[in-house]
Amino acid sequence: MRKLENSELDRKSIDDFKKSDKTPLILVLDDIRSLHNIGSVFRTADAFLIEKIILCGITATPPNKEIHKTALGATETVAWEHHENILEVINNLKKDNVLTLAIEQVESAIFLQDFKVEKNQKYALVFGNEVYGVAQEAVAICDGCIEIPQLGTKHSLNISVSAGIVVWDLFSKLNWSENHSKS
Numbered sequence: 001m002r003k004l005e006n007s008e009l010d011r012k013s014i015d016d017f018k019k020s021d022k023t024p025l026i027l028v029l030d031d032i033r034s035l036h037n038i039g040s041v042f043r044t045a046d047a048f049l050i051e052k053i054i055l056c057g058i059t060a061t062p063p064n065k066e067i068h069k070t071a072l073g074a075t076e077t078v079a080w081e082h083h084e085n086i087l088e089v090i091n092n093l094k095k096d097n098v099l100t101l102a103i104e105q106v107e108s109a110i111f112l113q114d115f116k117v118e119k120n121q122k123y124a125l126v127f128g129n130e131v132y133g134v135a136q137e138a139v140a141i142c143d144g145c146i147e148i149p150q151l152g153t154k155h156s157l158n159i160s161v162s163a164g165i166v167v168w169d170l171f172s173k174l175n176w177s178e179n180h181s182k183s
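Going letter by letter, the sequence shown gives residues 1 to 183 in full-length UniProt numbering.
Everything labelled a hint here was simulated from the structure, so no lab data went into it.
Any given hint could be a false lead.
Stated by the list, open to error - Straight line, CA to CA, 20 Å or less: simulated EDC-like cross-link-like pairs of lysine to aspartate or glutamate:
1. K65 x D46
2. K65 x E81
3. K19 x E88
4. K119 x E51
5. K119 x D31
6. K122 x E66
7. K116 x D143
8. K94 x D143
Unchecked claim - With beta-carbon atoms standing in for the labels, derived distance ranges:
9. Q113 x N92: 16 to 22 Å
10. K52 x K116: 31 to 37 Å
11. M1 x E130: 19 to 25 Å
12. R11 x Q150: 31 to 37 Å
Just so we're clear, the structure is a prediction, and the values are computed from it rather than from any experiment.
Note that the Cβ used here is the ideal one computed from N, Cα and C, for glycine as well.
Could you build the full structure based on these sequences and the hints that come with them?
Shown next as structure tokens:
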């Protein structure tokens, strides 16, 4: 085996990225404090051709030197917008027939491995603050909740790690799996 050079990876240009069909996922980041976490989510969103990121509340926005350190240019490719109020964002997404899912540990959450995607459905994944998670008011109006199973002594994962896990899982189910409903 030989490690590939960057020139062999056939990466998209910024224009090609913007013209590409996107994965029907919207990432909603509410009150994220860490600029590095925000940048990491942008980079994950770029890797999987995510439709857009919605930054809410105190979540910082590009351009920002600290976000750029981990995003490595993904703020130039991934569409994003900022809104103050997470509840308005969720309600507007629902009006647009986007299925809103909080990524949180709640009663009646669906474990990630059991979540089935539906063809022709757009999803918004809501991620919350590093300490407090997704606000209860936001959880209450989402269409559902997905929980990442955790077996160790800790009760949470870093938000950028959670985003990577959930995005990869849904991306793979949407693109390569028979694990979706026929619609």
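Going down the list of hints, with the structure as the test:
| no. | hint | verdict |
| --- | --- | --- |
| 1 | K65 x D46 | holds, 18 Å |
| 2 | K65 x E81 | holds, 18 Å |
| 3 | K19 x E88 | violated, 28 Å |
| 4 | K119 x E51 | holds, 16 Å |
| 5 | K119 x D31 | violated, 31 Å |
| 6 | K122 x E66 | violated, 30 Å |
| 7 | K116 x D143 | holds, 14 Å |
| 8 | K94 x D143 | holds, 8 Å |
| 9 | Q113 x N92: 16 to 22 Å | violated, 30 Å |
| 10 | K52 x K116: 31 to 37 Å | violated, 23 Å |
| 11 | M1 x E130: 19 to 25 Å | violated, 38 Å |
| 12 | R11 x Q150: 31 to 37 Å | holds, 33 Å |
Violated hints for the displayed structure, listed by number in ascending order: 3, 5, 6, 9, 10 and 11.
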